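2 protein chains.
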Amino acid sequence: MPSTDLKFANADEHRAWLTRQAALPRGWRVGATRFEFQPAEVRKTAKMTITLIAPDKPVESVAAMFTKNAFPGAPVIIGRKRMAAGTPLAAIVINNKVSNVCAPNGVATAERLCERLGQLMNLEEAQILPSSTGVIGWRLPIDFMINALPAAVESLQGKSILPAAEGIVTTDLYPKIRRVELPGGATIVGIAKGAGMIEPNLATMLVYVLTDADIVRNQLQRYLEEAVEESFNCISIDSDTSTSDTVVCASTRAVPCPDLTAFRLGLFQVCSDLAEDVVRNGEGVHHVIRVAVGGAPDYETARAIGKAVVNSPLFQCAVCGNDANVGRLIAAIGKEVGARHEGLDLSGCSIAMGGESIYEGGVFHLDPDKERRLVAHLKAAEMYASVAPKDGLTFVPPMRFPPHERAVEIEIDLGAGDAACLVVGADRSHEYISENADYRS
Amino acid sequence: MPSTDLKFANADEHRAWLTRQAALPRGWRVGATRFEFQPAEVRKTAKMTITLIAPDKPVESVAAMFTKNAFPGAPVIIGRKRMAAGTPLAAIVINNKVSNVCAPNGVATAERLCERLGQLMNLEEAQILPSSTGVIGWRLPIDFMINALPAAVESLQGKSILPAAEGIVTTDLYPKIRRVELPGGATIVGIAKGAGMIEPNLATMLVYVLTDADIVRNQLQRYLEEAVEESFNCISIDSDTSTSDTVVCASTRAVPCPDLTAFRLGLFQVCSDLAEDVVRNGEGVHHVIRVAVGGAPDYETARAIGKAVVNSPLFQCAVCGNDANVGRLIAAIGKEVGARHEGLDLSGCSIAMGGESIYEGGVFHLDPDKERRLVAHLKAAEMYASVAPKDGLTFVPPMRFPPHERAVEIEIDLGAGDAACLVVGADRSHEYISENADYRS
Numbered sequence: 000m001p002s003t004d005l006k007f008a009n010a011d012e013h014r015a016w017l018t019r020q021a022a023l024p025r026g027w028r029v030g031a032t033r034f035e036f037q038p039a040e041v042r043k044t045a046k047m048t049i050t051l052i053a054p055d056k057p058v059e060s061v062a063a064m065f066t067k068n069a070f071p072g073a074p075v076i077i078g079r080k081r082m083a084a085g086t087p088l089a090a091i092v093i094n095n096k097v098s099n100v101c102a103p104n105g106v107a108t109a110e111r112l113c114e115r116l117g118q119l120m121n122l123e124e125a126q127i128l129p130s131s132t133g134v135i136g137w138r139l140p141i142d143f144m145i146n147a148l149p150a151a152v153e154s155l156q157g158k159s160i161l162p163a164a165e166g167i168v169t170t171d172l173y174p175k176i177r178r179v180e181l182p183g184g185a186t187i188v189g190i191a192k193g194a195g196m197i198e199p200n201l202a203t204m205l206v207y208v209l210t211d212a213d214i215v216r217n218q219l220q221r222y223l224e225e226a227v228e229e230s231f232n233c234i235s236i237d238s239d240t241s242t243s244d245t246v247v248c249a250s251t252r253a254v255p256c257p258d259l260t261a262f263r264l265g266l267f268q269v270c271s272d273l274a275e276d277v278v279r280n281g282e283g284v285h286h287v288i289r290v291a292v293g294g295a296p297d298y299e300t301a302r303a304i305g306k307a308v309v310n311s312p313l314f315q316c317a318v319c320g321n322d323a324n325v326g327r328l329i330a331a332i333g334k335e336v337g338a339r340h341e342g343l344d345l346s347g348c349s350i351a352m353g354g355e356s357i358y359e360g361g362v363f364h365l366d367p368d369k370e371r372r373l374v375a376h377l378k379a380a381e382m383y384a385s386v387a388p389k390d391g392l393t394f395v396p397p398m399r400f401p402p403h404e405r406a407v408e409i410e411i412d413l414g415a416g417d418a419a420c421l422v423v424g425a426d427r428s429h430e431y432i433s434e435n436a437d438y439r440s
Numbered sequence: 000m001p002s003t004d005l006k007f008a009n010a011d012e013h014r015a016w017l018t019r020q021a022a023l024p025r026g027w028r029v030g031a032t033r034f035e036f037q038p039a040e041v042r043k044t045a046k047m048t049i050t051l052i053a054p055d056k057p058v059e060s061v062a063a064m065f066t067k068n069a070f071p072g073a074p075v076i077i078g079r080k081r082m083a084a085g086t087p088l089a090a091i092v093i094n095n096k097v098s099n100v101c102a103p104n105g106v107a108t109a110e111r112l113c114e115r116l117g118q119l120m121n122l123e124e125a126q127i128l129p130s131s132t133g134v135i136g137w138r139l140p141i142d143f144m145i146n147a148l149p150a151a152v153e154s155l156q157g158k159s160i161l162p163a164a165e166g167i168v169t170t171d172l173y174p175k176i177r178r179v180e181l182p183g184g185a186t187i188v189g190i191a192k193g194a195g196m197i198e199p200n201l202a203t204m205l206v207y208v209l210t211d212a213d214i215v216r217n218q219l220q221r222y223l224e225e226a227v228e229e230s231f232n233c234i235s236i237d238s239d240t241s242t243s244d245t246v247v248c249a250s251t252r253a254v255p256c257p258d259l260t261a262f263r264l265g266l267f268q269v270c271s272d273l274a275e276d277v278v279r280n281g282e283g284v285h286h287v288i289r290v291a292v293g294g295a296p297d298y299e300t301a302r303a304i305g306k307a308v309v310n311s312p313l314f315q316c317a318v319c320g321n322d323a324n325v326g327r328l329i330a331a332i333g334k335e336v337g338a339r340h341e342g343l344d345l346s347g348c349s350i351a352m353g354g355e356s357i358y359e360g361g362v363f364h365l366d367p368d369k370e371r372r373l374v375a376h377l378k379a380a381e382m383y384a385s386v387a388p389k390d391g392l393t394f395v396p397p398m399r400f401p402p403h404e405r406a407v408e409i410e411i412d413l414g415a416g417d418a419a420c421l422v423v424g425a426d427r428s429h430e431y432i433s434e435n436a437d438y439r440s
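Just so you know, the sequences run in chain order A and B. First residue of the first sequence? That's 0 in numbering that gives the first Met the number 0, and the numbers climb one at a time after it. First residue of the second sequence? That's 0 in numbering that gives the first Met the number 0, and the numbers climb one at a time after it.
One should not assume that every hint holds.
[Said to hold, decoys possible] Mimicking DMTMM-like on lysine to aspartate or glutamate, the simulated pairs with C-alpha atoms at most 25 angstroms apart in a straight line are:
id, chain 1, residue 1, chain 2, residue 2
1, B, K96, A, E370
2, B, K80, B, E40
3, A, K67, B, D55
4, B, K43, A, D368
5, A, K67, B, D412
6, A, K43, B, D368
7, B, K46, A, D344
[Stated by the list, open to error] Okay, the calculated beta carbon distance ranges per label pair:
id, chain 1, residue 1, chain 2, residue 2, range
8, A, K80, B, D368, 31 to 41 angstroms
9, A, R42, B, Y383, 53 to 63 angstroms
10, B, R372, A, E224, 41 to 51 angstroms
Simulated from the structure, these hints should not be mistaken for lab results. Model, not experiment: these values are computed from the prediction. Beta carbons are placed, not taken as given, at the ideal position from N, Cα and C, and that holds for glycine.
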């Protein structure tokens, strides 16, 4: 998926690269402000960042996709309404820490925030899109947020998207920015938040793609759906589909875009790069796993089998331990096919890992030398090994940047058709458990 | 699910209880032997136990269910053939450490083991049922196994099933035995192996239920299917359906069984007790989670929603950390309904945990006092807390017995029908990661 084979020796190198990615397309401004508040549900304080993304004047060219989770957050409910009404976009207001899902009066509270921001910036409330991510169940601390809005507005600037990429994160280790420059001078710049509760179903949690390319609204929506289908909808960190997944793409149309194919490919590139960034920065991820499923009767089957592999806890743990336990790979495929693809003939199935054939003609082909090469492939794809925690129990990743873009490469040829899909997932580690056994608390 | 509210202060108390459970029904013998061998696939040695279960003479009353995984092990392929032919059962030969799945010549090798055992015990090869559990992909070390068979036959005895319950385990912390005594003097005694790769689809990995009740073959198969459907098919430890899942139930018919209802209930009791034992002894399990889903349009929907909750990595981690993060519970339900139950109306849904109402009428009902009570419920259900590992990285459970039979109790009323299902699962901990990042190696 990624457009480049990037390597970073340390966090400073990574940040310098992010800064180069961060130049905003024409006609866009972003800003952010951070503050402390008191949640109503627990007896302790917490911190929140409010991030603003705004075109210089309202744009009609805006596309969006939202989660399919049956308990969508209040911002998703509002976003769907705005999109259905064909409303232009004047600003996006994003908060982390509290996701505003199934909270009492959640929709009214989010609308109140939009109303106040509209007054401050002289915008129509209905043209402001709210987004929230964080703890599910808590109410938005609306008084604290309204107090913080003037500082957020004050911080708006048109040079760099980096403050927004940093403002929207929760458990992410680092901000994620990807850009593509198009023939004719237009650019596409995207940012993503997401490190846990990631198996998007129609969109992933909080992705904003800004452009100045002259693309009209309907076209933009079509291109976005196409790009999301084969990028964000093909990844999983932990199989948990968020209640807040949102992808927004909007254009100021400030720069002509004569080559629509270049735009489509560029948008797909930004989306698929960000999708892999989200996985690589997934909670506790040591290894990214790319599963190329081919020879499938249809695309959905190919994707389902790839997802079954990357979502298998046992295979995820084996990869984490650099253990070439390929039996768990077979078990994961067989579980999915046995449960949901009855009648799919697997007699022609063959499987390779790191370029080594491991299964063909109904049986495994394993020996001690191949085992050694498989382990070497796993080790080469490892981003870091666990470091013994200071308190003996709480594992913390020893780095806050991606050292490389290598992955564990798995090829599955089902031998049962012509459809294919590339699914990207990750391993399962002590750092994931440490993050999630006490995140929120 | 469990018939009793057992508590054990230490491993000795637990073993004394197991020993009382272990008396064999009339006409049954078991034996086991352990040895070292050299696998063909890696350069190191490993240990295996061969376990034998045999009636005094072949029994026609035998029932069995096998995995739905599309890559079944060789013993499953053979077992299906034997059952379809209506063959009587003369012996079961079980090995751990190597599961004989998709191994070159796997079926022929398992048949060779049956042939040699038949010669030693003067039994028909076709009346011997093989079972294997362990690493997927490795070949059976058949020469080592044939050498070990005489010692296994020599060890057969008719008093206690404990040697078999101990012989079939792999990563299990302790053996699992459950018994029911029926009116009229017949007994049902079952043993189970299983600690990982557990989300059974028609049966769980290696369960043997022996009885002397006078029940004919067809009836036994029907009662077994009925019992498995609401016991083993309603549990999950890690959502990974094994390639070797097998449940066998057989009867010597030595004792009259006038009360068929008592037998059915007794068989269900043994199966559901063993199913919860399998979860409680699951890899790295700190908390058992019982999800009672009611108000569902049908049984399958109720089970799918219960499974979605216990298989959510984020909810599992929260429970492990005694964190009452009920937002993740809602997210898991919404993920399942959004992806696979389109049109299911959740407006009447209500949810309780530990008897506390947490969600009703479309919104959460949370406050700091309720939070405190929810955390107390989680702590009361905890079996142990992680102990900082000696090497800083490898977590080992600090106990090898179940201290109690409490669970995290969740009630979900979908408000959309009359069907219900009880699903039993577990949390996700550092001990699971440690076990599975290097099990096999």
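Quiz item: Which hints from the list above does the structure break, by number from lowest to highest?
Solution: 2, 3, 7 and 9
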